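> Could you put the whole structure together from the sequences, leaning on the hints where they help?
Under this note's numbering, think of the first position of the first sequence as 162, with each following residue one higher.
Keep in mind the hints are simulated off the structure, nothing from the lab. Only a predicted model underlies this, so the values are computations on that prediction, with no experimental measurement involved. Ideal placement from N, C-alpha and C gives every residue a C-beta, glycine not left out. Worth double-checking, as some hints may not be accurate.
Label pairs and their computed distance ranges (CB to CB) [said to hold, decoys possible]:
hint, residue 1, residue 2, range
1, Gln395, Gly420, 21 to 31 Å
2, Lys203, Thr247, 14 to 24 Å
3, Pro406, Lys203, 52 to 62 Å
4, Thr250, Gly324, 26 to 36 Å
5, Asp356, Gln213, 37 to 47 Å
6, Lys203, Gln421, 34 to 44 Å
7, Thr246, Asp356, 50 to 60 Å
8, Gly401, Ser432, 17 to 27 Å
9, Arg195, Thr250, 19 to 29 Å
10, Asp356, Pro199, 41 to 51 Å
11, Gly174, Lys366, 18 to 28 Å
12, Leu297, Arg195, 23 to 33 Å
13, Thr224, Pro270, 21 to 31 Å
14, Pro406, Asn363, 20 to 30 Å
Computed cross-link-like contacts, PhoX-like style, restricted to lysine-lysine with a CA-CA straight-line distance of at most 20 Å [unchecked claim]:
hint, residue 1, residue 2
15, Lys415, Lys341
16, Lys359, Lys347
17, Lys404, Lys341
18, Lys352, Lys429
19, Lys394, Lys367
20, Lys415, Lys394
21, Lys341, Lys394
22, Lys341, Lys366
23, Lys429, Lys360
24, Lys348, Lys429
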Amino acid sequence: MPELPEVETTRRGLTPHLAKQTIQTLIARQTRLRWPIPTHLKNALPGQIITQIDRRGKYLLLTCTRGTLIIHLGMSGSLRILLKTTPATKHDHVDIILRNGTCLRFNDPRRFGCILWTTDDVNKHDLLKNLGPEPLSRTFTGDYLYNISRGRRTPIKTFIMDGQIVVGVGNIYANEALFKAGIHPKKAVGKITLDDYKKLANAIKKILTTAIKQGGTTLRNFTDSNGKPGYFKQLLRVYGRGKLPCYICQTQLKEIRLGQRSTVYCTKCQS
DNA sequence: AGTGCGGCCTGTCCGC
DNA sequence: TGCGGACAGGCCGCAC
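As structure tokens, this is what we get:
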């Protein structure tokens, strides 16, 4: 389950392998992802040199000589660098073969991810043009949240999971950040004070930064072949802990559905 | 415009 | 032990 920290970790891991490399071919074994892989990609990619590897929210952006690859890992996607001779296994949907004999392999059991291509300004792409600020940037502050939430009634948890408000905050981190900031997940955004928004913005930054330092570890049933355990799981205060005692006050944590998402909070610590 | 929700997918887990 | 069904999650795109 790639969250922003894992996408960032992926980006950092891929960069030395991809930067300045030339693409030889594209192999698409399964083109039906979140959106179909563009049919012209097979013609567009060969000869392209990858010049830059960026991240916007949970999107990876591979800037090439004459276009940009937009990759999202969805729920279950992963990217690996392998020798191009490595046999493909289940859910290895796409290979981008490089001239140096390596390959970037996209694996995604649930196929919620996507691989798209644009030759225009990538920030004007439909998927990116309306995205909110990066949570770790200076523009994401308590003041920002306060100002854009006046007069609105959405529950705060839904609000911070909205990519147009701020990118990269998924269900797990939303739960954790609200607990850390002491804010009830259902609280209407228009009624939250500037002071609380400052706490919340800081909580989001802190949690994401910590998770990146952990190597962007996935959570729950992490069945990576490397057998890497979920380090960040040990730091979870509320997510996945419904009915268990709050670490702060021992009150039984409450679990509800909010916007069809599992939501866990402490009735005493969060108001 | 703001808000809420259905749908896309497969692996895992639970109860029978 | 096998099987069906609920659930998990990001996030677009639609309906109100």
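> Tell me the numbers of any earlier hints that the structure contravenes, in ascending order.
none
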